[in-house]
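Line by line, the protein sequences are chains A and B.
Here numbering that gives the first Met the number 0 is used: the first sequence runs in plain steps of one and ends on residue 118.
Here numbering that gives the first Met the number 0 is used: the second sequence runs in plain steps of one and ends on residue 516.
Calculated directly from the structure, the hints in this document are not laboratory data.
Some hints could be false.
[To be verified] Straight-line alpha carbon distances no greater than 27 Å define the calculated DSS-like cross-link-like pairs of lysine-lysine that follow:
1. A/74 x A/114
2. A/69 x B/372
3. B/429 x A/79
[Said to hold, decoys possible] Listed next, with one range per pair, are the computed distances between beta-carbon atoms:
4. A/77 x B/318: 38 to 44 Å
5. B/412 x A/54: 48 to 54 Å
6. B/511 x A/18: 52 to 58 Å
7. B/253 x A/80: 37 to 43 Å
8. A/9 x B/10: 17 to 23 Å
Positions of the beta carbon are idealized from the N, C-alpha and C atoms, including for glycine.
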Amino acid sequence: MGVAAIKEYAFEPADRLENFHGNQLLYIGWDQHLLFCAPFCLPLPPAMRFGDIIDKVLPGVFGYHPDFAKIDWSKVVWLKSGQPWQADFNKSLAELGLKHKDVLRFRTPGLDGIKGSAS
Amino acid sequence: MDMKVSKKKLGLKEKYQHMTRGLGWETTYQSMDEVFPYAKYEGIKIHDWEKWEDPFRLTMDAYWKYQAEKERKLYAIIDAYAQNNGHLSVTDARYINAVKLFLNGISPLEYMAHRGFAHAGRQFPGVGPRVACLMQSLDEIRHAQTQIHSLSNYNKYYNGFHEYRHMLERVWYLSVPRSFFDDAYTAGPFEFMVAIGFSFEYVLTNLLFVPFVSGAAYNGDMGTMTFGFSAQSDEARHMTLGLEVIKFILEQDPDNLPIVQQWIDKWTWRGYRVLTLVGMMMDYMLPKRIMSWKEAWEVYFEENGGALFKDLARYGIRPPKWLDQIEQDKDHISHQAWGTFYNYAAACNFHTWIPTDDELDWLSQKYPNSFDKYYRPRLEFWREEAKKGNRFYNKTLPMLCQTCQIPMIFTEPGDPTQICYREVDYKDNKYHFCSDGCKEIFEHEPEKYIQAWLPVHQIYQGNCFNEGVDPTAEGFDPLAAVLDYYHLNFGRDNLDFEGSEDQRNFEAWRGMATKNT
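Same shape as in the complex, but just chain B:
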């Protein structure tokens, strides 16, 4: 006989309350200030942590359940993709270079995000944000791992994937994404949340993930597409958290507004600079284009971001600084960036090329104000010279911006013929910048940025050679020594796509998969 038991189950909301906030306490053996030493130095004033509204009321049991389900689906597809030689169904082997850029430049940032959110969570005295940060921290390490797993399949067949961890801390262009995240990670917990949680995850993330994930879908790369989709519901949560952080901080004390505004200005600009790499990828590296960088910026920033900042106006927040410059730059930065990688393709872990005639025409059509006037002549000249056996490899190291660490490739707002130079004298030294944005970020915290590890200066200081290498020895070849230090294989990982091992292998393998000879 069944016994009737009056089962009292907790509702989701109550369960959440007990399992998260109910687990915190005010410390007494040590003061709260000692236990949470990073909570006040940034100047942010929080009066009542209980006012934190949780954007997603997840407890760990629910979290594991959702994530486990997503992992199962993801790995089933990744396995199928690998077993069916899915890599041979991408549009063109040039596409694989976009994947290299992602693994080398983006995936390690997921791991850094994991560390950053774990750190922020540890440092917040309030239980609500601590739990939210914990879960985002777990999401981020999941993203790092799923990306590494998915892309490891490419590493079996193609060059340039083999040492992404090692290269992140060494290769010149990777100092751009790396220093971006190091800057955020070494800030206090509140700035980190505004930098990554809000400015990056909320304001700019669509400009990172949509291009790569749609790019993968358009170009037959189901592996990359699938980890993108698997991360999507996490991203939705992250965006909600990012917005909640801003609202919570601003509602706590009016003194917080100028601090938060400065962070939004800084981190929108820094994020935008990193996105130069994405713009270049969209306009030059996808054989089947999705949309131009300019169009993506208009949809995902100008329209969506515009609405967001209208919404935030009631807190006193204004749109980020320097948007007028960004508006003018959208016709230029992707072309300037691809030109840069074409210049320094010998020191790069992916291949470059000159677009085909069709692609040049696509660029003319998408960039009627700039492409034919400024960039087509450059690309056509390079192509002609390469045909004559005089391919341009720039062998002299460039001047870098002290803040974003990108070579000084950007032009003056309003004058695409003139490189933009800015400089500051600080304590008997000169510092140079690519823009007003980067200059102002430096001026706000010069002691932080005078420490920057600028790859070019580090090479000239002799810090980028392997141990035992003697730069004063006769016949010393600095480029070869630096590439050794990068673990970059000359002639395989670098130089032009045309004539590369990747190109030859892809052709041969696709031939075996589709023909009988």
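Okay, chain A solo, but in the shape it has when bound:
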């Protein structure tokens, strides 16, 4: 049973890919840095190079945090839907198999937030 209803009830999901004007949504969270209260939601073109997200998008998103400038991106541990994931900065979102509404998390070992509080 998909829903309790008095008659057939079937509609398109409100957030399907076609509604985002050529972009797809990518969620991205920085583990143990909860000064940012929640992971972020970003609308991005599927052809965007992953490295461009790191270089051009993330500084505006996470740059406020004093740990951000200290990140060694070659040592960052990535998770996609909670499973280990291999980033490739030279590939696009589409080439990396990132689909609409996928969620990435990254961990920065050694950087554990304001005074080690995971903030």
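Given the coordinates of chain A, assemble chain B onto it according to the supplied hints.
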């Protein structure tokens, strides 16, 4: 000469019988199923509506009499409060932000409750519950109106009160209470009664009204306190109705038990999530605290709720799911929520601030297991940065939970350093959740929740700009455009309390009221 007339007056019970149940009939021109089309699709089986025991045997004449008396008292106090500039006697102008949260987030729900009970009453084939729902529906619209009247006084002097109706359907955080009630209202009449009548009014209502009403009393806000008290005897009736609904449904047919249990699990969790806002209000927004959120949860849920569910065990009902998680969360959610509003204070219709040193110490004392370790460093860092002119305003939109619509701010049970992520693939799309509770609610009725109007996604779809705005124009400022769409005045309604117009006005007016210069 007086004539002796043998006056036969009906007793209250008989009068009630004739004036309510005696007015119903079985329809014959159309089948009862056609007349009450929502009565069966939820799977609840009712064999005998006459078994409904009325928790309060009120007829309309008695109802009007009681309510009119309460209204007279209420308006006398509200008028006196307004005429004496009562708003200047609150503890601190920061308090007024708690009132904004109430008017914007709670009062519109009273109106939705009015509609919901009217709808449920219309759809029940039994006369007893129909009459009970009718009266609760009237109570609820009375609450909406008395709250709006009482709080309109603040709107004359302070920012953020001006467009609560408009904002309810637009402003990001208001989608949380709104979607909660929309979910209940769009369910069938039985689920609505379990959702609002039982889970909210009976199980959780003390955690909503006691904090706001006591908070008002502790902070010198007689206007808010008075409408709270005026609603109290209504609330007592609502609680009784909520309990009667559960008992009636369960006694009618054993097949009803699993359906009701699932609703209790769902609605306790959904209500608990909405109460995050109340927890934050108690721990951060009341200059004079009443008790901590954690203490309130322990008294009003763990103790009182525990006794209730023991009582319901004879019907086969067990306590709601996910209580073990809630038990761990009580050390955290109010801090996580205030941090969220501090992050997004630019898009908010009330002010935020960092607690004073005294307040930070109070939080350390009330939350010895969590505050100093996880939350104090965050707040102190923000305070230091703000002092340097680097106040943190988060400008990137957050990921939201598909069910409760709260940003994904909650942490894993047992690990306050790790955001809790849950997801489901459904018909080629991914959906994300803040918790097992929200995930399971989605999985039970995915077709309902894939329709959710998530503010963040709606902004990215371009649905949250005023007509005629061109998001592709050069120099387009999306935040400004969204705030316009919200009818939120930048620099007046939002940002920090420190330096706000509210703060300046309150100080100036209180000065005029208490000094000669």
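Tested hints:
Under the criterion of a C-alpha separation no larger than 27 Å, the hint pairing residue 74 of chain A with residue 114 of chain A is consistent with the structure, at around 21 Å. Of the pairs offered as hints, the one joining residue 69 of chain A and residue 372 of chain B holds, with about 23 Å between alpha carbons and a cut-off of 27 Å not exceeded. At roughly 13 Å between alpha-carbon atoms, residue 429 of chain B and residue 79 of chain A fall within 27 Å of each other, so this suggested pair holds. For residue 77 of chain A and residue 318 of chain B, the Cβ-Cβ distance of about 39 Å falls inside the hinted range of 38 to 44 Å, so the restraint holds.
The given range of 48 to 54 Å is broken by residue 412 of chain B and residue 54 of chain A, whose C-beta atoms sit roughly 36 Å from each other. The hinted window of 52 to 58 Å between residue 511 of chain B and residue 18 of chain A holds, with their beta carbons roughly 53 Å apart. The hinted window of 37 to 43 Å between residue 253 of chain B and residue 80 of chain A holds, with their beta carbons roughly 41 Å apart. The supplied range of 17 to 23 Å is broken by residue 9 of chain A and residue 10 of chain B, whose beta-carbon atoms lie about 54 Å from each other.
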